[in-house]
Structures are given as structure tokens and as C-alpha cells.
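For the record, the sequence lines run as chains C and G. Here numbering that gives the first Met the number 0 is used: the first residue of the first sequence is 0, the next is one more, and so on. Here numbering that gives the first Met the number 0 is used: the first residue of the second sequence is 0, the next is one more, and so on.
Don't take each hint at face value.
[Said to hold, decoys possible] Straight-line distance between alpha carbons at most 27 Å, and here's what the computed DSS-like set of lysine-lysine pairs gives: (1) C:K9 / G:K400; (2) C:K323 / C:K308; (3) G:K364 / C:K325; (4) G:K225 / G:K104; (5) C:K323 / G:K364.
[Said to hold, decoys possible] For each label pair, taking beta carbons as the anchor points, the in silico distance ranges come out as: (6) G:A254 / C:G62: 27 to 35 Å; (7) G:R290 / C:A58: 44 to 52 Å; (8) G:L362 / C:A373: 33 to 41 Å; (9) C:R106 / G:G6: 54 to 62 Å; (10) G:T321 / C:S377: 35 to 43 Å; (11) G:L259 / C:I6: 31 to 39 Å; (12) G:G363 / C:A46: 49 to 57 Å; (13) G:L281 / C:I6: 21 to 29 Å; (14) G:G6 / C:A58: 54 to 62 Å; (15) G:P326 / C:Q210: 53 to 61 Å.
[Unchecked claim] A short list of chain G residues far from chain C (calculated; beta carbon distances all over 12 Å): (16) G6; (17) L7; (18) F16; (19) G101; (20) K104; (21) D148; (22) A149; (23) L196; (24) L239; (25) K400; (26) N401; (27) L430; (28) R432.
Hints in this document: simulated from the structure, not taken from any laboratory. The beta-carbon is built from N, C-alpha and C at its ideal position, and this holds for glycine as well.
Below, each chain spelled out in residue letters.
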Amino acid sequence: MRFVKPISMKEHARALALLAAAALLTVLAGKDFLRQHLVEDLWPSPALSARQWLSHWHAPLKGGRGDSEVFVFRGQEEGGRVLVLGGTHPNEPAGYLAAVLLVENLRVEAGEIWVLPRANASAFTATDPQEGTPQVLALPDSLGQPRAFRVGGRATNPLDQWPDPEITVHRPSLQSLSGVEVRNLNRSYPGRPEGFFTEQVAWAIHRIIEQEGIDLLVDLHEAAIEYPVVNALVAHERAGDLAAAAVFGLSMNGVEIALEPSPANLHGLSHRELGDALPGLQATLLETANPGQGRLRGRTNAEQLLLGKDPCYDAAQLIPGMNKVKVGPEGLPLAMRVGRHLDAVRELCAALELTRPGKAVRYTGPPTLAELDARGMSPWLRPVSGLDQPRKAR
Amino acid sequence: MSLWPLGLMLLFFILLFSRWRWPLGLALAAAALAGGLLQGVPFITTAQGGLPQPGSAIWRHLVEGAFVYIDPMLIMVAAFLFMQVIRENGLLSALTWWILRGLGKRPALLAMALGLFVAFPGMLTGLSTASVLTTGAIAAPPLRRMGLDARRTGAFIAVAAILGVVAPPVNLPAMIICAGVDMPYLGFVLPLLVLCLPLLAASSLWLAHGALKSGDAGAALDEVDKGPLQRHGLRLLLPLAVILVLMTGPRLLPAHWPSLGMPLVLVLGALTGLFTGDRVALRPAAEGALRQALPVMGILAGVGSFIQILTLTGQRGDLVLTVLQLPAWAAWLGIALSLPAFGAVSALGSASVLGVPFLLALLGKPEIWVCSGISLLAALGDLMPPASLACNFAAQVTGEKNYFAVARRTLGPALLAAVWALAVMAASPWLNRLAGGG
Ligand SMILES: [Zn+2]
Numbered sequence: 000m001r002f003v004k005p006i007s008m009k010e011h012a013r014a015l016a017l018l019a020a021a022a023l024l025t026v027l028a029g030k031d032f033l034r035q036h037l038v039e040d041l042w043p044s045p046a047l048s049a050r051q052w053l054s055h056w057h058a059p060l061k062g063g064r065g066d067s068e069v070f071v072f073r074g075q076e077e078g079g080r081v082l083v084l085g086g087t088h089p090n091e092p093a094g095y096l097a098a099v100l101l102v103e104n105l106r107v108e109a110g111e112i113w114v115l116p117r118a119n120a121s122a123f124t125a126t127d128p129q130e131g132t133p134q135v136l137a138l139p140d141s142l143g144q145p146r147a148f149r150v151g152g153r154a155t156n157p158l159d160q161w162p163d164p165e166i167t168v169h170r171p172s173l174q175s176l177s178g179v180e181v182r183n184l185n186r187s188y189p190g191r192p193e194g195f196f197t198e199q200v201a202w203a204i205h206r207i208i209e210q211e212g213i214d215l216l217v218d219l220h221e222a223a224i225e226y227p228v229v230n231a232l233v234a235h236e237r238a239g240d241l242a243a244a245a246v247f248g249l250s251m252n253g254v255e256i257a258l259e260p261s262p263a264n265l266h267g268l269s270h271r272e273l274g275d276a277l278p279g280l281q282a283t284l285l286e287t288a289n290p291g292q293g294r295l296r297g298r299t300n301a302e303q304l305l306l307g308k309d310p311c312y313d314a315a316q317l318i319p320g321m322n323k324v325k326v327g328p329e330g331l332p333l334a335m336r337v338g339r340h341l342d343a344v345r346e347l348c349a350a351l352e353l354t355r356p357g358k359a360v361r362y363t364g365p366p367t368l369a370e371l372d373a374r375g376m377s378p379w380l381r382p383v384s385g386l387d388q389p390r391k392a393r
Numbered sequence: 000m001s002l003w004p005l006g007l008m009l010l011f012f013i014l015l016f017s018r019w020r021w022p023l024g025l026a027l028a029a030a031a032l033a034g035g036l037l038q039g040v041p042f043i044t045t046a047q048g049g050l051p052q053p054g055s056a057i058w059r060h061l062v063e064g065a066f067v068y069i070d071p072m073l074i075m076v077a078a079f080l081f082m083q084v085i086r087e088n089g090l091l092s093a094l095t096w097w098i099l100r101g102l103g104k105r106p107a108l109l110a111m112a113l114g115l116f117v118a119f120p121g122m123l124t125g126l127s128t129a130s131v132l133t134t135g136a137i138a139a140p141p142l143r144r145m146g147l148d149a150r151r152t153g154a155f156i157a158v159a160a161i162l163g164v165v166a167p168p169v170n171l172p173a174m175i176i177c178a179g180v181d182m183p184y185l186g187f188v189l190p191l192l193v194l195c196l197p198l199l200a201a202s203s204l205w206l207a208h209g210a211l212k213s214g215d216a217g218a219a220l221d222e223v224d225k226g227p228l229q230r231h232g233l234r235l236l237l238p239l240a241v242i243l244v245l246m247t248g249p250r251l252l253p254a255h256w257p258s259l260g261m262p263l264v265l266v267l268g269a270l271t272g273l274f275t276g277d278r279v280a281l282r283p284a285a286e287g288a289l290r291q292a293l294p295v296m297g298i299l300a301g302v303g304s305f306i307q308i309l310t311l312t313g314q315r316g317d318l319v320l321t322v323l324q325l326p327a328w329a330a331w332l333g334i335a336l337s338l339p340a341f342g343a344v345s346a347l348g349s350a351s352v353l354g355v356p357f358l359l360a361l362l363g364k365p366e367i368w369v370c371s372g373i374s375l376l377a378a379l380g381d382l383m384p385p386a387s388l389a390c391n392f393a394a395q396v397t398g399e400k401n402y403f404a405v406a407r408r409t410l411g412p413a414l415l416a417a418v419w420a421l422a423v424m425a426a427s428p429w430l431n432r433l434a435g436g437g
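Here chain C stands alone, though its shape is the one from the complex:
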């Protein structure tokens, strides 16, 4: 076959114009993509005991986009150790912001709390194609000045791990998953030290738990309103008693939450794999309902994530069984979703002491659901002097 034919001046001109348009598009879009790499600073509470990088537990991550800060709070009294993961899925802002409010307000009295607010730091640097996710949420701090918190994608940035296989084969179970799940941190546990980038991040988290003797893992998430597991506490079978106690504690405060056993045949999830791999650990995961994530959602923007209102989900309310969470006129605001997470973390810590004497974890500082409902998140976001936050790109 021969493809060479004479090219007219007009075709040359058209080709040049298209190339110029593509270059312009690259610049315009590129600026937005690049700003997603600016890491917002968190301002830990003065009671912080230590900050450490994830690469401390798995050196190959050092300095890369998978490296992420771990904040450690130690109480005066001996007790249990809790690890809270935020930002496993950066498109689920309540998980991230609940961890942020912990970092900025915790004062631990007994035991230790470890917080990894951006568990998949790489996924904060990119949003998922075809989801139209906003890149940042601007929240006023306690002095009313805006602070930016990034919203990312569900999966690791393809710049860090690409291409995806047609099928993801989970290790070690050999379960098949669709290709994109290879970049999903919560399908990559227990992790492999020499595995894919995302598996290495999972491995580093695995090592924290193992080396630091963590007793309780709380992985903070959100899910779509139509997804069957929302407003739920998922627990590995060894954490069943603890989770039941926490659910009871929450219901005493008027917070309804479903207790879901960790499915035995769904592999790669933190509660399943880390619970199985580490006999000393009680592994749990929390879900709230986020209207900005579902397939029925209307216009996708920051307001939707913050206010939790969406006319499409209001309409879906009329389809029997479609919405798994009742959506009222007040919507499902982010502050409320963060409050549910924080109340659940508090009850899980109380339940840890109850079910395993000597493993007390007690703290003050972070707001309750009732406080967040009444006043929003701002009073608990530490003020940043000046408008421009110090930022560093990764």
C-alpha cells in the first residue's frame, strides 16, 4: 500500500492551525494539571509528638509522589495504638478532611494516634478522567481566610504507574479485577515491597502497622448514595466485637450506622488483607454517603461536594430502593459527613479500651458531629497567616 500523495498548501495550513490549537490546549490545560501537584500544608495541633514520612517504612518511596506525611500523637498514659487513614481515595473528601481535623486538633491523653491524611498521595495529584471532579475545595479557616484542600482521583496518578494491564491480578489471592484497579490503593493490600507503585504504598502502610504495633486501623472513605455499603462500618471478623460496641456507642448518640462484615472473597481491601496478615490488628473501614461520587449525580462541582445537595438524588428518592441513604432538603453536607467519621473514630477508640483492657486510647480536641452540624468545619481549621500558603510541588 502506498499512502504518499501530494499535499496542497491548504492542507498544510490546516495542519499547522490544528497543531497550534493543540499546543494552546496543552498550555491551557497543563496549567491546571500542574497546580494539582502543589501540596497544601497541614498545621498540626501543638500536641503533635512526631511527624514522619511514609518512606521511613519503605525507603524506595522516598521523595517521590507516593511519599506522604504521618502525624504521630502520643499520650502521657500507656495504651493502645490507632492508625487512621485519610485520602485512600482522594475523590472522597470526607475521609481526607476528617483526618485533617484530627491532625490539627488532637490532644491525646492515653495511647497513641497515628494519622496518615493522604494515604495515596499520588492520587491527590490527578483527577479521574470522565468524572469532571473539581480540583480543590476552598474552606474558610477559623479566622475566615480560605484554605485550599485538593480533591484528587480514586486511582494513583498514571504518571506514577502506567500502563494498566487489561486485567489486574491481585497478589497473593490471584483474584481478577478490572485493569484500572491496579492503581487503586484499596485493592492493593497487603502490598508488595517490589510490586507496582500502588502496591508499594500499600506495603509501606502494612509496615507501619507491623513495626509500630498498631492495634486498630480505621480507613476513612465515602461512597455513592446508591451504593449498598454507605453510612457503614466495615470490620474484619476479628474486629467484630469492637465494631459492634462502636456501633452501639454511635446509636446511643443518635448516629445510625450499619455494621458490615468484611467480605471474605473480595481481595485487596485494607480490612480484609491487613486483618488477615497481621494477627495483632483489628481492621475497620468507614463509609459515608457522598452525592458528588455517584452515577446519578447532576452537575459536578465543589459546591456539590461541600453542601451535599443534588437535584438528581432528590429525584432518585422516588425510585424505590435506589438511594441507600435518605436525602433530605438539608442535603448531606461535608461537615456532617466529616462529623460522622470523627464520631465513629471516637467510638472505635472507646470500644478498643472496652474490648481490650490496657489498650486505652483517649483524646480531646477534634469536634463531634453535633458541633460540626452546628458550626461547620471552620472553627477547627487552624488559621494560616497571610493568604498564600507555603506550597511545594511534588
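Model the placement of chain G with the ligand on the given structure of chain C, informed by the hints.
Coordinates of chain G with the ligand only, in the frame set by chain C:
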């Protein structure tokens, strides 16, 4: 909320494409741009109080959406290269000769065997492209020689490839739906076989049997160029063996055999072909492959931008909601029509965007059977215009210029498949009990 913006976007797209002769991909991207701006997506990103605006400008969305299909694009270029190489090095004519000699006198068996053969790469990769451009390209010459016209040959290949996508072990639409509802991809082999095998046999016979029966196998055999076979013998088969082994290995030994990825597998197959037959000039072959793949790559990029704008502006959610709001009697029809229709822009997108909520709406029925049926309906999207991905490639394989004509000939089998999928979904409680499922 209403769907009129989507209607306007589609109208604008059709105008650009049919009246002003824009390439499909560019027309889709332009419709996405216009539709986004019309619905208030900002033109430039501005900073407020030292902070960037939460919603970035439309440009980021156009680019981000366009990148969603970058992996399939690479597979396409590699598959076209493979096809070009086996065409020029003589493997294709050798295989044609073998197939006609072996099965030329048994038209029914020939039709069904070729159907299964075409479906095979799709079964292993979950991608229709992988089928159409490899085994599809191999099946085309014997079918043509036996007197099947180019359009029907194209339809035969496209339909078999789609059924290969749906058939076990790897069904990507089903896996995507599973990921969306956190259900393990387990227990699908039987339902998918029940869905695919009867359809594969029926549609292969429907499209090819008549022509094959009246074809003259002896005469057809005489016309095949036996030169490459005489010059190179069995060595010619090596490239085919390379890709079949590299595709099958990771499925058979997942613990020890890492998948190399389809682009690399196909390129390795093509490179092998450079040394096992007639001389192939690599550079023109590679350029030709890129030229053939480019229009379709453009369509996929345009489709990606289009869907991202639909999501951003809430049109995607409205679309899903509209189907879910249908009264019960119309819901099945809505599901059967909307999945392939949305699949016309992207079969995998359809599985994710519509398939997941449909499965959630149908919870209570045996979900593995329902999910299998939905995956078939979504996969049929690859036959639907405007992109008609499978037909587009099948037309290139058979040398037919007008891929819409190929698409038209897939309509009958596609309808049959849709009815069958609905029947299986409706009968799923009974089928599930029959299969011993709880
Ligand atoms: Zn999540």
C-alpha cells in the same frame, strides 16, 4: 434538570459531521466544547484570594476526558501493525489456504469454527479490537474467497468479536460493573457461556452459512497464493503462536507469568513476523498502521471529551436517572436500548455509567446472571453508529470503504443478542437455581 443540552450537543455534532464534513473525533470534541461553554463551564481558570477557583476551565476537562482511552489507542496501533505484517509476509494467505482445505467443504462447521476463532482473542483480552484485527483479519480472506461479500464478512467478524468480549474468561464490561458494586468477578463462566455460545453459533450461521454453502471450495482454494506456504512452510505460523502464547500464558499461570500488555504482545508478534515469511518493509508497515488507526483514535479522544463534559454538566446523571425513572414495563426496554446506545460512544463507558446503576436497580435478582446480561448489552455498543468501533475495524479488515454498511448488517444478530440477553436476565432466578446457585 432536563436533557435538552444533550440534545443540542448531539444536534451540533451531527451537523458538524454530516453537513460540514468534520472528522468524527473533532466534531465530538467541538460539540463538547460548545455544550460545556453553553452550560456555564468557565472559559479560563482564575484565582480568587490567592486560591485557585475550585472548578477549572473547560480546557482541562476536554484534555482529561480525551485521555481516558489512551490504552485502547495503543492497542489499536499495535494491532494494525500486526495485521499489516501478517498480510505482507504471507501468513494470511497460508492460513486462508489451510482453513479452506480443512473446512471448505463443510460450510456449517466452517462458519462456526471461524466464529469461535475470531472470538478467541476477545475472550482472553476483553477487547473487540484485539479480535477484529488479528483473528478477524485471518478469517476474512477465506470467507471472501468462498463468496461472502465484504459487508457481510465485516459483520461476521464484528459480531464474533463482540461475543468474544462477552465470553469468559475475561469480560471487561462485567469486570467494570463488578468493580462499581464491589462484587468479586467470580462465578461468571457458566452464565457467560450460556449467553455467548448459542449466539455465536446462531449469528455465524445466519451471516455466513448461505454464502458458504453455495461457494465452491475447490475453486477458492486454487485462487489462494500458495507461494509463501511453499517458501516458508510452518515457520510462517510463528507470529501467531507468539501472540497466542503471550495472551494465554498470563491467564493460565497468573502467579508466575506477568501480562506484558496487549500493545507489547502485538508488537512482539509483528516483529516475529518480520523474520518468518516474505520480506516486510517495517517503516511503511508501521506508517500504514498508524494511518489506519488515527481516525479511530480521534473518535475515541472526542468521545472521551464529550462524556467528561456530560458528567461535569450533570447530563450524564440525568440520562441515567431518566432510564431508571421509567415505569417497570418500560424499564426492561429502556435498559435494552440505552446500554447499546450509550455503548455507541463507548461500550466500557456504558458498562460503568449505566450498567452499575442498572445492576443496583435490579438487585434481588441473581446478580451474576443479571450482570452478565448487562455486559452483553453494553458490549453491543461497539456495533452501533456513529463510532461502530468493531464494524469500523472490520470494514478495514475486509477492504470495505463504508463501515456503516457493515454496521447495518450486524443489526439482525445484534437484535437477537439483545433479546437473548433480556431473556436470560428475566429467567435468571430460574437459571440460577438450575445451575445450583443460592
Ligand atoms: Zn473509598
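Here is how each hint holds up against the structure:
1. C:K9 / G:K400: Holds. K9 (chain C) to K400 (chain G) sits at ~25 Å (cutoff 27 Å).
2. C:K323 / C:K308: Distance of about 15 Å is within 27 Å: holds.
3. G:K364 / C:K325: 23 Å, holds
4. G:K225 / G:K104: 19 Å, holds
5. C:K323 / G:K364: Holds, at roughly 18 Å.
6. G:A254 / C:G62: 27 to 35 Å: Because 32 Å falls inside the window, the suggested range holds.
7. G:R290 / C:A58: 44 to 52 Å: 47 Å, holds
8. G:L362 / C:A373: 33 to 41 Å: With Cβ atoms ~37 Å apart, the hint holds.
9. C:R106 / G:G6: 54 to 62 Å: 57 Å, holds
10. G:T321 / C:S377: 35 to 43 Å: Given a distance of about 38 Å, which is inside 35 to 43 Å, the answer is holds.
11. G:L259 / C:I6: 31 to 39 Å: 37 Å, holds
12. G:G363 / C:A46: 49 to 57 Å: Holds - the Cβ-Cβ distance for G363 (chain G) and A46 (chain C), about 50 Å, lies within 49 to 57 Å.
13. G:L281 / C:I6: 21 to 29 Å: 24 Å, holds
14. G:G6 / C:A58: 54 to 62 Å: At roughly 56 Å between Cβ atoms, A58 (chain C) and G6 (chain G) fall inside 54 to 62 Å, so the hint holds.
15. G:P326 / C:Q210: 53 to 61 Å: 58 Å, holds
16. G6: 17 Å, holds
17. L7: Fine: 16 Å to the nearest Cβ keeps L7 (chain G) off the interface.
18. F16: 17 Å, holds
19. G101: Holds, because the least Cβ-Cβ distance between G101 (chain G) and chain C comes to about 30 Å, which exceeds 12 Å.
20. K104: Fine: 33 Å to the nearest Cβ keeps K104 (chain G) off the interface.
21. D148: 22 Å, holds
22. A149: Label holds. Min Cβ-Cβ 17 Å, cutoff 12 Å.
23. L196: 21 Å, holds
24. L239: The claim holds: L239 (chain G) sits with its nearest Cβ about 19 Å from chain C, beyond 12 Å.
25. K400: 14 Å, holds
26. N401: Holds: least Cβ distance 19 Å, greater than 12 Å.
27. L430: Correct as stated: the minimum Cβ-Cβ distance to chain C is 22 Å, above 12 Å.
28. R432: 21 Å, holds
Against the hints set out earlier in the document, no violation occurs for any number.
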